[in-house]
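Participant: Sequence:
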Amino acid sequence: MRSLVGLITVVAAASLYLYSLSLYLPAGPRKRSVRSAETGHVSKEQQQQPGDSLEEEEPSRLKFPSDLEELRELAELLQFYKTEHTGYVLLLFCSAYLYKQSFAIPGSSFLNILAGAIFGPYQGLLLACALTTVGSTMCFLLSQVFGKHYIVNLFPDKVSTLQRKVEENQDCLFFFLLFLRFFPMTPNWFLNMSAPIVNIPITFFFCSVFIGLLPYNFICVQTGVMLSEVSSLDDLFSWERLLQLLAIACMALLPGALIRRFSQKRLKLGIQSQNGLDKKVQ
Numbered sequence: 001m002r003s004l005v006g007l008i009t010v011v012a013a014a015s016l017y018l019y020s021l022s023l024y025l026p027a028g029p030r031k032r033s034v035r036s037a038e039t040g041h042v043s044k045e046q047q048q049q050p051g052d053s054l055e056e057e058e059p060s061r062l063k064f065p066s067d068l069e070e071l072r073e074l075a076e077l078l079q080f081y082k083t084e085h086t087g088y089v090l091l092l093f094c095s096a097y098l099y100k101q102s103f104a105i106p107g108s109s110f111l112n113i114l115a116g117a118i119f120g121p122y123q124g125l126l127l128a129c130a131l132t133t134v135g136s137t138m139c140f141l142l143s144q145v146f147g148k149h150y151i152v153n154l155f156p157d158k159v160s161t162l163q164r165k166v167e168e169n170q171d172c173l174f175f176f177l178l179f180l181r182f183f184p185m186t187p188n189w190f191l192n193m194s195a196p197i198v199n200i201p202i203t204f205f206f207c208s209v210f211i212g213l214l215p216y217n218f219i220c221v222q223t224g225v226m227l228s229e230v231s232s233l234d235d236l237f238s239w240e241r242l243l244q245l246l247a248i249a250c251m252a253l254l255p256g257a258l259i260r261r262f263s264q265k266r267l268k269l270g271i272q273s274q275n276g277l278d279k280k281v282q
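Numbering (the UniProt record's numbering), first residue to last: 1 to 282.
Honestly, I wouldn't trust all of these hints.
Lysine-lysine pairs mimicking DSS-like chemistry, simulated, CA-CA at most 27 Å apart [unchecked claim]:
1) K165 - K148
2) K158 - K82
3) K100 - K158
4) K100 - K82
Rather than coming from a laboratory, the hints here were simulated on the basis of the structure.
The model shown is predicted, which means the values in this text are computed figures rather than measured ones.
Whole structure, please, built from the sequences with the hints as guidance.
Facilitator: Okay, here's the thing in structure tokens:
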């Protein structure tokens, strides 16, 4: 009971901090729009008739984009915030990312794409990898302090299976952890929470997250960079963009291919056979 109260206290404090931080969001740029004084709709003809139209300024707002036009507006707004309020944007982004990662909340792909759109390919990738690693480690520590009993009770079979695999691969545990990140036999959020329960050293865990999720972060960040620069569907399906996507895919798949080749020789992984029993691959 004490561990549950402690976890709730940590979640509440982090939520209050993030909410308080969002309250101080600086005002964004104001965009001009021309509205008809009678209908409220905008058209080229109305823009050419100053007597029938009313020019207004509307504040730009942060919202999830539903098409390419909104995506471009979001990218421009974020670039404005980055230029005018660099420190605040960095603090808010890092805080939101660590909050999501620490409490195993889905949405890392969108935040990684956002990192590419705001900070560019190199800074965005470095930031995404660092925040993913630190946030996952915080989830590891929260589970170690507060969540062991609850995780074992909620997922007894999964914890038991992971424990057995970790014991079978003790001689090459780090490469086994990399394999789990490249080819997730179990979700990343569950691996983050169950790692301290199955006695995975925190140093191995930290390094395996940084290296193992690098291809995933790379793809998401590069996608964000590309989408923020796209102005039409023709740009998205141009030969230049397609070649960029091909290069990104090849670079992301290479580490996984190397780990998979190593796993066939060294790691002990269970493969489901036709009779339902596990076979060992040495």
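Participant: Next, verify each hint and record whether it holds.
Facilitator: Going through the hints against the structure:
1. Distance hint between K165 and K148 is fulfilled; the C-alpha atoms sit about 18 Å from each other, no more than 27 Å.
2. A threshold of 27 Å between alpha carbons decides the hint, and for K158 with K82 the separation of about 43 Å lies outside it, so the pair is violated.
3. For a cut-off of 27 Å, the pair hint linking K100 to K158 stands: about 23 Å separates their Cα positions.
4. Taking the CA atoms of K100 and K82, the gap is about 21 Å. The hint holds against a cut of 27 Å.
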